Amino acid sequence: AQKVTQAQTEISVVEKEDVTLDCVYETRDTTYYLFWYKQPPSGELVFLIRRNSFDEQNEISGRYSWNFQKSTSSFNFTITASQVVDSAVYFCALSEIFGNNQGGKLIFGQGTELSVKP
Amino acid sequence: DAGITQSPRYKITETGRQVTLMCHQTWSHSYMFWYRQDLGHGLRLIYYSAAADITDKGEVPDGYVVSRSKTENFPLTLESATRSQTSVYFCASSEYGLPQETQYFGPGTRLLVL
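Just so you know, the sequences run in chain order A and B. Sequential numbering of the first sequence, starting at 1, is according to our numbering. Sequential numbering of the second sequence, starting at 119, is according to our numbering.
Any given hint might turn out to be false.
To be verified - Label pairs and their calculated CB-CB ranges:
no., chain 1, residue 1, chain 2, residue 2, range
1, B, 180, A, 63, 38 to 44 Å
2, B, 123, A, 41, 17 to 23 Å
3, B, 170, A, 50, 34 to 40 Å
4, A, 71, B, 170, 39 to 45 Å
5, B, 125, A, 13, 34 to 40 Å
6, B, 134, A, 46, 48 to 54 Å
7, A, 84, B, 169, 40 to 46 Å
Claimed, not checked - Okay, derived cross-link-like pairs now, DSS-like style, lysine-lysine, Cα gap no bigger than 25 Å in a straight line:
no., chain 1, residue 1, chain 2, residue 2
8, A, 16, A, 117
9, A, 38, B, 129
10, A, 70, A, 117
11, B, 175, B, 129
12, A, 70, A, 16
13, A, 3, B, 175
Just so you know, the hints here were simulated from the structure itself, not pulled from any lab data. Values in this document were obtained by computation on a predicted structure and should not be read as measured data. Glycine is no exception: its CB is placed at the ideal position from the N, C-alpha and C atoms.
Work out the full structure, taking the sequences as your base and the hints as a guide.
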């Protein structure tokens with residue numbers, strides 16, 4: 001069955017440190033999509049990035065970067081020079097086809113709570 | 119542009135009572151979803167809907183009922199609330215429900231069942 005594992009439950013860093021959040025997934029599909037969402041203390045879920053299984057190029061957006069490696073089934077997220085505003089729970093998710101092929105649903109990891117201290 | 123809204127944002131109820139959580143989206147997205155968030159489990163899909171009058175079960179549907187008479191609304195009802203249904207509930211939508219589409223989430227409803 002499809003599964004997403006975020007082994008790091010909590011991470012605490014000091015501001016300006018780099019931090020990597022790990023995400024490992026399991027899927028039998030050859031075509032799939034991976035997502036990262038951010039949940040700040042206010043509680044809403046904010047979409048960060050989507051990656052499809054055919055594109056293994058790393059992506060950088062400002063201080064955020066993502067490393068997708070199919071060989072290790074990982075989709076890790078790195079924050080460079082972390083800031084207090086990065087404090088949040090981060091979720092990795094895998095999109096799979098519904099059994100009736102009507103659409104996709106998200107399989108979420110357990111989440112990693114990142115605390116960035118000043 | 120309101121996007122996707124949920125009400126109430128916070129709810130306290132007692133075991134055995136019926137509770138309805140509301141979800142409304144202004145994008146005319148076809149697909150809507152209900153997830154619950156629990157510590158150690160991330161978010162898990164309760165029910166989803168492909169269009170008005172089309173709904174189906176997700177991973178954890180027991181104890182919940184949904185309906186979708188209008189495209190923009192997708193209420194979730196706990197027919198007889200139990201303490202195990204204490205959780206944060208998120209509604210989400212996507213335009214066509216395709217696996218490559220981003221799902222956009224509402225602000226969540228925090229439900230406490232005493």
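ask   = Has the hinted range 34 to 40 Å been met by the Cβ atoms of residue 170(B) and residue 50(A)?
value = With Cβ atoms ~27 Å apart, the hint is violated.
inquiry  = residue 175(B) and residue 129(B) were given as a pair; does the straight-line alpha-carbon distance stay at or below 25 Å?
reply    = Given that 25 Å is the threshold and the Cα spacing comes to 24 Å, the pair holds.
inquiry  = Would the hint linking residue 70(A) and residue 16(A) be met if the CA-CA limit is 25 Å?
reply    = It is violated: about 30 Å lies between the C-alpha atoms, which goes past 25 Å.
query = Is the hinted pair residue 16(A) and residue 117(A) satisfied, with a Cα-Cα distance of at most 25 Å?
reply = With a Cα-Cα distance of about 9 Å, the restraint between residue 16(A) and residue 117(A) holds, given a limit of 25 Å.
ask   = Using the C-beta atoms of residue 123(B) and residue 41(A), is the stated range 17 to 23 Å upheld?
value = For residue 123(B) and residue 41(A) the Cβ distance comes to about 20 Å; the hint holds.
ask   = Keeping to a limit of 25 Å between CA atoms, is the pair of residue 70(A) and residue 117(A) held or broken?
value = violated (33 Å)
inquiry  = A range of 39 to 45 Å was offered for this pair. Does it hold for the Cβ distance of residue 71(A) and residue 170(B)?
reply    = holds (44 Å)
inquiry  = For the hint 48 to 54 Å, verify it against the beta carbon of residue 134(B) and that of residue 46(A).
reply    = Once the Cβ atoms are compared, 36 Å apart, the range 48 to 54 Å for residue 46(A) and residue 134(B) is violated.
task = Using the Cβ atoms, figure out if residue 180(B) sits within 38 to 44 Å of residue 63(A).
result = holds (42 Å)
ask   = Within 25 Å, alpha carbon to alpha carbon, are residue 38(A) and residue 129(B)?
value = holds (24 Å)
task = Can you let me know if the beta-carbon spacing of residue 84(A) and residue 169(B) is within 40 to 46 Å?
result = With Cβ atoms ~43 Å apart, the hint holds.
query = Taking the CB of residue 125(B) and the CB of residue 13(A), does the distance hold inside 34 to 40 Å?
reply = holds (36 Å)
Consistency note: the structure conflicts with the earlier hints numbered 3, 6, 10 and 12.
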